[in-house]
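Asker: Start from the sequences and build out the full structure, keeping to the hints where you can.
Each protein sequence line maps, in turn, to chains B and E.
Counting in my numbering, the first sequence runs from 1 upward without gaps.
Counting in my numbering, the second sequence runs from 1001 upward without gaps.
FYI, nobody ran anything at the bench for these hints, they're computed from the structure.
Some clues are possibly wrong.
Said to hold, decoys possible - Pair ranges (Cβ atoms, derived):
# : chain 1 : residue 1 : chain 2 : residue 2 : range
1 : E       : Tyr1201   : B       : Glu39     : 47 to 57 angstroms
2 : B       : Gly119    : E       : Tyr1201   : 31 to 41 angstroms
3 : E       : Glu1182   : B       : Ser19     : 30 to 40 angstroms
4 : E       : Met1038   : B       : Lys37     : 40 to 50 angstroms
5 : B       : Met150    : E       : Glu1015   : 29 to 39 angstroms
Just so you know, even glycine gets a beta-carbon here, dropped at the ideal spot from N, CA and C.
Protein chains: 2
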Amino acid sequence: MEFNFPSKVLFKAIESFNSLPGVGRKTALRYTLNMLKMEPAEIIRFSENIRKLAEDIRFCEKCHNISDQIVCDICSNTSRKRDTLCVVQDVRDVLAIENTQQYNGLYHVLGGVISPIDGIGPSDLNIESLENRVKLNEVKEVILALSTTMEGDTTNFYIFRKLGNLPINITTIARGMGFGDEIEYTDELTLGRSIINRIPYKGAVK
Amino acid sequence: MEFNFPSKVLFKAIESFNSLPGVGRKTALRYTLNMLKMEPAEIIRFSENIRKLAEDIRFCEKCHNISDQIVCDICSNTSRKRDTLCVVQDVRDVLAIENTQQYNGLYHVLGGVISPIDGIGPSDLNIESLENRVKLNEVKEVILALSTTMEGDTTNFYIFRKLGNLPINITTIARGMGFGDEIEYTDELTLGRSIINRIPYKGAVK
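Answerer: Rendered as structure tokens:
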């Protein structure tokens, strides 16, 4: 659908929402018309919350996670294991792993993965600071928790080449069948990997 | 998923996006993290476009359509038929009907439909101004183009009661099978209405 918009103000707001990932013209129009039903004060609060993303967002100087302080809550939490670093692509992954409540070490947020097609090379990511962190601190293990894509694998390999000579363990998170998956419908690569990486049976999963 | 957000600024932006229709926590997070990848100037432009929705949006004083001027482009267009008013629920419907290029009259935007459950009564809608428009101008036909919901039907009936005594034609847009629909899968109410309201066959649809 192509619309002739009756107002420039409307058009520009739609254009802005349209720039969000997965938001087409019709959804952007829906968001905009819905905003018009809000109180003006609420619209201005919305606008301010977005402006602050440009002006007030800081990144933790240690792990590059989003933070309001210079060092984030996770890095400054003394009850966490400081000798384990989990390397992730972005902030979303930190939130997802924190949410499992199964990890008590620190993180290192790369800010992306190596992707020549998108023009992202190792120097665009926080890899040098990862090296420095590993060298200067008493890190015993680096867990690579990137996506199982071509780009993720490339990045894993690059980091492995950079850190492989240091006296640390480098591990990756387990790949295999998800809970609730059926053998029949699991792709052969995943199923094959699940068999190769089989682990001793310990009774029911806690 | 419940997250512990590492930053208040992040949290508030997510909360704002979360208030849009059909946007859950995870989508709001995705929008917010995507915004962080934009240039600060672009984020501020986004923020400004939203602020203007609160400050600069005007509604046409005749038809209540969104407009940058006092009277909208449609109402001030002298080549349109001024004796026909199409009554719609909101701006979106004006855009959809304009997009068909099959209508050359004027509009009247109600700003909603009568919905006691949501606390919306006739006085919350632009019905009085519709009456005045019909009485004061040379209107020959009022087309009711509201949704076929309980609320739409109630509103149709209310308007019909208000305008029924005036020397004008009151019509509603046709209900029936859509183009491309199959008889077999059409609900019985629609199919029944399609048969009752059958029209003379005129050969292929232009």
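Asker: So does Met1038 (chain E) sit 40 to 50 angstroms from Lys37 (chain B), Cβ to Cβ?
Answerer: With a Cβ separation near 26 angstroms, Met1038 (chain E) and Lys37 (chain B) fall outside 40 to 50 angstroms, so the hint is violated.
Asker: Met150 (chain B) and Glu1015 (chain E), beta-carbon distance inside 29 to 39 angstroms?
Answerer: Holds, at about 35 angstroms.
Asker: In this structure, is the beta-carbon distance linking Tyr1201 (chain E) and Glu39 (chain B) contained in 47 to 57 angstroms?
Answerer: The hint (47 to 57 angstroms, Cβ to Cβ) holds, given that Tyr1201 (chain E) and Glu39 (chain B) are roughly 53 angstroms apart.
Asker: That 31 to 41 angstroms hint for Gly119 (chain B) and Tyr1201 (chain E) (C-beta), does it hold up?
Answerer: violated (60 angstroms)
Asker: The hint says 30 to 40 angstroms between Glu1182 (chain E) and Ser19 (chain B); measuring C-beta to C-beta, is that right?
Answerer: For Glu1182 (chain E) and Ser19 (chain B) the Cβ distance comes to about 38 angstroms; the hint holds.
Violated hints for the displayed structure, listed by number in ascending order: 2 and 4.
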